[in-house]
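Q: Each chain, letter by letter, is given below.
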Amino acid sequence: MFRNQYDTDVTTWSPAGRLFQVEYAMEAVKQGSAAIGLRSKTHVVLGCVNKANSELSSYQKKIFKVDDHIGVAIAGLTADGRVLSRYMRSECINYSFTYESPLPVGRLVVQLADKAQVCTQRSWKRPYGVGLLVAGLDETGAHLYYNCPSGNYFEYQAFAIGSRSQAAKTYLERRFENFVDSSREDLIKDALMAIRETLQGETLTSSICTVAVVGAGESFHILDQETVQKLIDSFEIAGGEEAPAAAPDSAAEGGAAAEQSGATDQGAADQGPAPMDI
Amino acid sequence: MESNQAKHGLVGPNDPIQRTQYPYVTGTSVVALKYKDGILMAADMGGSYGSTLRYKGVERMKPIGKHSLLGASGEISDFQEILRYLDELILYDNMWDDGNSLGPKELHSYLTRVMYNRRNKFDPLWNSLVLGGVKNGQKYLGMVSMIGVNFEDDHVATGFGNHLARPILRDEWHENLSYEDGVKLLEKCMRVLLYRDRSAVNKLQIAKITEEGVTISQPYSLKTFWGFSAFENPTVGAEGSW
Amino acid sequence: MTKQHANWSPYDNNGGSCVAIAGADYCVIAADTRMSTGYSILTRDYSKICKLADKCVMASSGFQADVKALQKLLAARHLIYQHQHNKQMSCPAMAQLLSNTLYYKRFFPYYSFNVVGGLDNEGKGCVYTYDAVGSYERVGYSSQGSGSTLIMPFLDNQLKSPSPLLLPAQDAVTPLSEAEAVDLVKTCFASATERDIYTGDKLEIVVLNKDGICREYMELRKD
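Chains as they are written, first to last, in the UniProt record's numbering: chain E, 1 to 278; chain Y, 1 to 242; chain C, 1 to 223.
Quick caveat, the hints were computed from the structure, so don't treat them as lab data.
On a predicted model such as this, the values are computed, not experimentally measured, just so you know.
No residue lacks a Cβ here, since even glycine has one placed at the ideal position from N, Cα and C.
Check each hint, because a few of them may be wrong.
Heads up, simulated SDA-like pairs for lysine to any residue below, C-alpha to C-alpha not over 20 Å straight-line [claimed, not checked]: (1) LYS51(C) with ASP25(C); (2) LYS65(E) with SER9(C); (3) LYS105(Y) with ILE93(E); (4) LYS68(C) with ASN13(C); (5) LYS105(C) with LYS105(Y); (6) LYS61(E) with GLN82(C); (7) LYS51(C) with LYS87(C).
Covered stretches of chain Y, as calculated for chain E (at least 3 residues, CB under 8 Å) [what the hints assert, rightly or not]: (8) 93-100; (9) 103-114.
Here are some chain C residues the structure puts well away from chain E; computed CB gaps all over 12 Å [to be verified]: (10) TYR11; (11) LEU79; (12) GLN82; (13) ALA132; (14) LEU150; (15) MET152; (16) LEU176; (17) GLU178; (18) LYS222.
Given only the sequences and the hints, what does the whole structure look like? Please build it.
A: Structure follows, in structure tokens:
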């Protein structure tokens with residue numbers, strides 16, 4: 001049978017110029033339950049879907065406060081996400097100990113990306129299997145970044161990661177132009193709508209999602225369940241049964257595959273575009 | 001040889017650890033105040049080697065980045081070393097090129113850490129530093145001493161300035177000083193210092209920092225009048241002493 | 001050139017006095033705002049009071065650089081605590097942390113004299129008093145700093161707290177009302193300012209009670 005000869009360690013290139021281990025790590029991000037983020041001029045909202053591993057267990061926390069002005073939402077290996085958010089917290093504390101002012105978001109994101117990059121170049125290491133949406137506020141305004149296991153990072157107006165995130169992305173792509181001037185409430189509404197898109201017909205309730213906000217005059221905090229439920233009720237966006245506005249899920253999944261080329265299909269893997277180009 | 005090494009114990013090599021135990025070339029007071037549009041700072045240009053006036057053109061105030069101004073009294077070489085640290089810090093800050101920058105508040109905090117860390121190593125930087133600046137419409141004026149004591153105030157002065165200039169500043173300073181009045185007030189302080197501080201010299205600079213940036217004046221001297229009777233015959237009325 | 005050994009000390013005493021009084025459901029913490037070195041005043045408006053947690057406040061005098069380092073360290077530790085436990089540190093916990101922090105530097109001490117005031121887990125006022133190397137005790141009231149030799153006996157006289165030697169142990173909180181305690185603190189400082197040159201300029205008073213935290217100021221002699 002065909003077996004991929006180039007994916008046994010991170011430091012081995014494939015002849016097509018790809019690093020399969022790194023791509024597998026990025027696959028891990030897609031396996032995790034969805035996380036979304038969007039921002040206006042003054043606020044950033046993060047949201048995520050809470051998925052319990054079994055009927056008997058509770059869900060894992062996917063949104064972390066890093067500092068008063070920064071928070072993250074993660075998708076992928078939650079354990080790796082916790083390690084990285086602990087790193088980010090200590091960087092923030094160290095910076096404010098020295099300078100008595102908050103660490104600029106973009107700089108933290110670069111440090112984080114550099115940390116992830118090291119794992120793609122050491123034979124004895126493994127890339128982090130987690131994608132992070134970093135939301136934050138600094139003197140240049142509100143920011144939303146996506147950090148990838150490959151060490152790449154991107155700034156976004158709005159973005160979604162994790163399973164079925166393509167549906168949320170489609171929703172966000174249709175509406176992102178209005179986000180810059182959105183009010184905080186509209187931003188949260190759009191966040192909830194985007195989360196709903198990833199639910200595949202399931203009803204949106206406060207127990208199935210977490211929403212967090214950071215913005216001008218508002219330090220990063222996770223909204224409590226009650227508040228979220230009230231918002232869902234007031235926006236009448238529970239939805240569920242009526243067909244969601246976005247494309248059917250099968251098509252959404254296909255879109256994701258086309259964009260990022262599922263590298264798991266080993267036979268054809270070498271032909272697809274390198275996913276690190278996103 | 002072995003016994004020689006034993007004598008030096010754990011520290012090892014024969015060369016002693018070098019630390020600044022006393023200053024060599026020193027600058028005297030720095031005086032600074034907030035005024036309507038920013039910060040004004042004054043310092044003379046003397047560099048004393050003990051009681052010898054060794055250097056006469058030492059610049060003791062320097063701009064740091066876009067928003068800050070640093071003045072120093074004490075050991076000149078230590079000050080110049082601090083400037084090298086700050087140059088590197090600002091360079092790396094600029095290299096991010098992300099619209100964020102270190103303001104006077106951040107630099108003051110950083111300098112406090114530097115001074116305090118060095119005192120913790122029993123290897124102090126022998127300076128009193130004055131940091132002024134304006135960023136986002138906020139005026140900032142603070143001080144750090146060689147052992148890390150730090151504070152903010154509307155007007156500050158190092159060394160002799162704290163004794164001679166600050167009482168004047170407490171009397172005459174107010175929030176809405178114009179540039180001209182601010183300079184006049186600083187010159188009054190510097191003149192008193194010139195009269196009464198033996199290491200002060202009559203060649204000084206005045207620096208200004210506003211939202212627009214830093215300007216440091218060319219060196220100039222103050223008009224002085226030495227004809228006061230107390231100057232001409234200081235012991236008059238001091239009968240009974242020698 | 002004859003070398004004049006300008007010997008230096010890693011320590012300075014920047015002066016100042018601190019007082020804390022615990023009541024049944026409140027705590028008053030106060031300190032003056034003068035910062036001096038030797039016979040000179042460095043600034044007339046420097047706060048010696050630091051909020052360590054929602055229900056925990058520290059007033060410190062001594063060497064300002066050490067005090068500031070201590071405050072920043074505790075603030076950082078408190079942030080870590082909040083990240084790990086998702087809640088504010090309680091006042092007794094913070095008091096223990098301060099003790100450990102001071103003792104950790106036993107052989108190069110923080111030259112700082114602290115009182116911690118706050119509300120304990122039952123909402124009762126609590127005061128902890130320290131020496132520079134970390135030994136501490138929970139008391140009903142205390143004073144630290146350059147004016148403490150003047151203030152402490154006055155508080156002993158006025159508050160007449162039950163002896164700590166009594167068995168069974170008596171509650172140390174003062175019977176005063178909150179307003180009476182604030183007045184007493186003002187009197188303490190007005191008097192200490194008369195005789196202690198390191199105390200003066202302005203008094204900062206922080207009151208903690210079930211409604212939260214509030215701050216007031218009173219002018220003191222400036223000479």
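Q: Does each hint fit the structure? Answer for all of them.
A: Hints, one by one, checked against the model:
Between LYS51(C) and ASP25(C) the alpha-carbon distance is near 18 Å, which keeps this suggested pair within the 20 Å criterion. For the suggested pair LYS65(E) and SER9(C), the alpha carbons sit about 42 Å apart, so the restraint of at most 20 Å is broken. Restraint check for LYS105(Y) and ILE93(E): the C-alpha separation of about 17 Å stays at or below 20 Å, so the hint holds. Restraint check for LYS68(C) and ASN13(C): the C-alpha separation of about 13 Å stays at or below 20 Å, so the hint holds.
With a C-alpha separation of about 28 Å, the suggested pair LYS105(C) and LYS105(Y) falls outside the 20 Å cut-off, and the hint is violated. With a C-alpha separation of about 16 Å, the suggested pairing of LYS61(E) with GLN82(C) holds against the 20 Å cut-off. Between LYS51(C) and LYS87(C), the direct Cα distance comes to roughly 15 Å. Compliance with the 20 Å bound is thereby established for this hinted pair. Three residues within the 8 Å Cβ limit are the bar, and the segment 93-100 of chain Y against chain E gives 4, so the coverage statement holds.
Coverage of a stretch by a chain is defined here by at least three residues with a beta carbon nearer than 8 Å to that chain's beta carbons; for the segment 103-114 of chain Y and chain E the count is 6, and the condition holds. Remark: the non-interface label on TYR11(C) is consistent with the geometry, its nearest Cβ contact in chain E lying 22 Å away (cut-off 12 Å). LEU79(C), annotated as away from the interface, has a beta carbon of chain E within 12 Å; the closest lies near 6 Å. The Cβ of GLN82(C) does not lie farther than 12 Å from every Cβ of chain E; its closest approach is about 9 Å, which violates its non-interface assignment.
Residue placement check: ALA132(C) keeps its beta carbon more than 12 Å from all beta carbons of chain E (closest about 22 Å). Listed as a non-interface residue, LEU150(C) keeps its Cβ farther than 12 Å from every Cβ of chain E; the least gap is roughly 34 Å. For MET152(C), the condition that its CB be more than 12 Å from all CB atoms of chain E holds, with the nearest at approximately 34 Å. Under the 12 Å C-beta cut-off, the non-interface status given to LEU176(C) relative to chain E holds; the minimum distance is some 37 Å.
With a cut of 12 Å on Cβ distances, GLU178(C) stays outside the contact zone with chain E, its closest approach being about 30 Å. The beta carbon of LYS222(C) is kept farther than 12 Å from every beta carbon of chain E, the shortest such distance being approximately 29 Å.
When held up to the earlier numbered hints, the structure conflicts with 2, 5, 11, 12 and fits the remainder.
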